[in-house]
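Q: Each chain, written out:
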Amino acid sequence: MAKILLEMKNITKTFPGVKALDNVNLKVEEGEIHALVGENGAGKSTLMNVLSGIYPYGTYEGEIYYNEKLCKFGNIKDSEGKGIVIIHQELALVPYLTIGENMFLGNERGRKAAINWDETYGRADELLKIVGLKESSRTLIKDIGVGKQQLVEIAKALAKKAKLLILDEPTASLNESDSKALLDLLKTFQKEGMTSIMISHKLNEISYVADKITIIRDGATIETLDRKKDTITEERIIKGMVGRELTDRFPVREEIKIGDVSLEVKDWTVYHPLYTERKVVDKVSIKVRKGEVVGISGLMGAGRTELAMSIFGKSYGTNISGSIYINGEKVELHTVKDAIRKKLAYVTEDRKSNGLISSNPIRVNNTLANLEAVSNHSVIDEDLEVKVAREYKDKLKTKCPTIEQKVGNLSGGNQQKVLLSKWMFADPDILILDEPTRGIDVGAKYEIYCIINNLVAEGKSVIMISSELPEVLGMCDRIYIMNEGRIVGELSREEATQELIMSHILKSSSKGE
Amino acid sequence: MDKAKTVLKKYTMIIALIIVTLFFAWGTDGKMLLPQNVNNLIAQNAYVLILATGMLLCILTGGNIDLSVGSIVCLVGAIGGTLMVNMRVNVFLAIISMLVVGLLIGIWQGFWIAYIRIPPFIVTLAGMLLWRGLALVILNGLTIAPLPDNYLVLFNSYIPDIFGGTINITCILIGVISCIIYIVLQIRGRINKAQKGYEMESMSSAVVKMIIISIVIMAFVYSLAQYKGIPMVLVWIGVIVMIYAYVTSKTVVGRHFYAVGGNEKATKLSGINTNRIYFIAYVNMAFLSAVAALVTIARLNSANPTAGTNYEMDAIGSCFIGGASAYGGIGTVGGVVVGAILMGVINLGMSIMGVDANYQKVVKGLVLLAAVIFDVLSKKNSK
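In the order they appear, the protein sequences are chains X and U.
Per our numbering, numbering of the first sequence is gapless, rising by one per residue and ending at 527.
Per our numbering, numbering of the second sequence is gapless, rising by one per residue and ending at 493.
Simulated from the structure, these hints should not be mistaken for laboratory data.
It cannot be assumed that every hint is accurate.
Derived SDA-like pairs: lysine to any residue, alpha-carbon spacing no greater than 25 Å straight-line [claimed, not checked]:
no.	chain 1	residue 1	chain 2	residue 2
1	U	Lys115	X	Glu418
2	X	Lys420	U	Val117
3	X	Lys366	U	Val117
My request is simple: use the sequences and hints to build the entire structure.
A: Structure, rendered in structure tokens:
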């Protein structure tokens with residue numbers, strides 16, 4: 015049996031009013047990739063914050079043994095000194111500094127009063143080669159994509175001489191091929207003796223890469239699955255996470271009569287707002303009918319969000335051309351207000367920065383897109399607002415102590431429900447849902463799917479943009495496939511398969527070259 | 111215990127104000143609370159209250175401040191003085207001209223900030239120099255005085271006592287009427303809520319609140335009644351504060367200000383014209399600066415080239431002491447009023463105690479820092 019590198023024993027961490035972790039145990043062997051899974055709010059990130067010293071020794075109960083020694087980390091520097099490096103979900107890179115500067119931030123080469131830039135960039139280039147990133151270390155972070163930034167984070171961890179790498183949802187914002195590359199990189203490191211802990215929601219990735227899987231539920235360890243002993247399937251993991259078998263990951267939609275075309279977009283072309291010669295959306299024509307869920311599938315950067323936002327009152331892009339028909343009538347949507355008035359809603363993929371006001375309570379967020387409905391001659395009726403927020407809280411089963419709770423303190427799934435409440439209250443006929451289940455757990459996903467089903471049952475139209483193929487296949491009546499700004503295929507529910515969608519994307523990519 | 115804590119948290123600034131007031135009352139052997147000093151407190155701080163109300167809107171949009179307000183006060187005052195004294199223009203026409211100048215300045219600054227997206231700090235820093243310079247040009251470096259009596263009546267006099275006698279009965283009467291209006295509004299609100307079946311605060315706490323507020327109003331007017339009665343400027347402040355308290359807390363526009371400060375992108379994607387909100391904030395700020403100019407030249411009975419110096423700092427300071435967030439999206443008119451009064455009490459108290467003017471600045475600086483530190487720390491603990 016291999017050596018136990020890390021052991022966390024009976025970790026209990028209480029926040030005012032909440033027991034976030036309750037007697038959690040975690041054992042990680044040297045050289046393994048250990049996955050940590052659990053629903054949102056289960057306590058995974060808290061556990062990792064305890065480990066890395068963000069919650070210092072003394073603020074939690076229990077013991078951490080690393081290399082068989084008891085550790086009392088007071089801050090991140092202490093844990094990094096031992097080779098424990100955490101890479102957070104939200105990348106902590108400074109956009110206007112170079113890759114090299116970022117990699118050695120807080121860990122500068124040379125002397126305090128005189129940084130040795132040659133050594134910095136030399137070493138940075140070496141590390142970039144190891145992680146397989148073909149960029150000069152003098153490139154600014156803002157000029158490279160998210161996938162590459164993730165690699166920079168890993169290189170940065172290597173620069174700190176990491177022995178135990180903790181990755182918090184490393185692939186959350188990566189497309190499938192970047193994700194695969196990242197996971198393979200982890201496997202390569204593993205062969206060289208690196209130990210990794212990976213927090214992830216993506217079960218297929220976990221079953222691809224992990225040696226062991228520890229499942230956390232409601233702040234307690236449920237079980238640890240070992241690839242050598244147990245048969246690991248997605249269903250098995252889901253069962254552990256939610257404590258029940260999800261017989262069906264997608265709710266059954268009752269037969270809904272699909273009606274007339276409600277939204278049609280013709281020859282829609284959009285240019286990038288800054289690099290105005292770059293075409294982001296290229297002659298896209300799509301339509302959606304009443305009572306229909308239409309999916310737009312594609313890789314990250316295919317132009318899906320840009321398409322949706324440019325339709326939604328030109329909130330993205332410049333030099334937009336093409337025409338929009340709503341219920342057969344040609345409309346001009348110059349502002350978001352126009353779009354809302356024509357009963358369109360766009361539910362953003364990025365709820366934190368584009369969707370919700372996290373410092374405000376649920377009530378305020380709920381009505382923001384339709385304040386007219388709760389006001390009288392532009393005076394807000396706060397009592398009515400409370401009533402509305404309660405109604406949606408019950409309808410969507412949002413879990414929160416009160417509707418005065420600040421949205422920033424809710425879990426991802428509940429935030430998503432508040433965001434949906436906000437747009438449902440705007441009373442749209444056509445909803446564009448951009449990655450509606452990103453970063454939320456399996457149970458909450460199911461509930462979101464039910465909400466979508468209810469919406470179409472009411473005769474509304476839903477356009478769902480999603481990077482998760484199973485979700486697109488499970489939920490959509492029709493699927494558009496988008497790549498490099500163009501629609502490269504359209505499949506009906508019956509003919510669509512994951513392989514077919516991927517092959518459409520890959521074929522069109524090679525054509526474009 | 112928990113309840114006491116939440117009450118303490120909710121009313122921290124008010125409690126601080128009470129403690130500071132008691133401290134100065136003790137330090138000045140009660141002189142601080144003499145009717146004349148209560149009156150002075152209002153007269154001296156009228157401009158702060160008016161400017162801080164406008165500054166709150168700017169700060170709400172995302173911690174943006176307006177550095178030009180002091181200079182606008184000076185310029186608008188200079189124009190008013192020139193019109194009324196040198197050119198003998200009708201007083202009301204002069205007042206309207208001053209307010210229009212304020213609006214035009216606001217439109218100028220608001221346009222650059224909201225539609226061209228020049229950082230407010232820079233636009234208003236430029237304004238600070240520009241308007242002060244223009245004021246000096248207009249005044250030619252000289253002071254214009256005195257102002258016509260029918261102007262001073264509006265901003266620097268007292269509501270006349272129709273009864274006569276040693277105690278100003280009119281003043282007391284106005285106090286009683288305000289209390290009655292306040293209580294009636296509260297009760298009506300409760301009845302309304304009860305009818306619609308909405309939740310409301312407990313009867314006992316509502317009654318306690320009503321009694322305390324009524325006592326404060328009555329103590330205040332009693333104190334004023336012993337001097338010269340209700341100063342006109344208090345009426346103006348009252349009207350402005352009430353209008354803005356209502357707009358920020360109850361109206362759609364008010365909600366938009368908080369939303370922009372909380373998350374501008376999300377607000378924009380909710381169909382709200384965020385540029386317009388910025389524009390309104392800065393036009394309104396310049397307009398209120400013009401109002402502050404009306405009050406300021408009336409109090410000084412002159413328009414002079416140094417009027418309004420450092421007024422922006424008083425306004426900004428009051429906002430932050432009053433609990434506005436330096437990042438935007440958080441803050442109330444009520445809080446800002448308390449912040450401004452707190453600053454005023456400290457100023458006045460130190461003056462009466464005879465603290466050296468240089469040290470007064472040191473103390474004010476420390477108070478501002480302490481208030482913000484306290485705010486940040488208490489927020490951290492609540493997480």
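Q: Any hints this thing doesn't respect? Which numbers, in order?
A: 3
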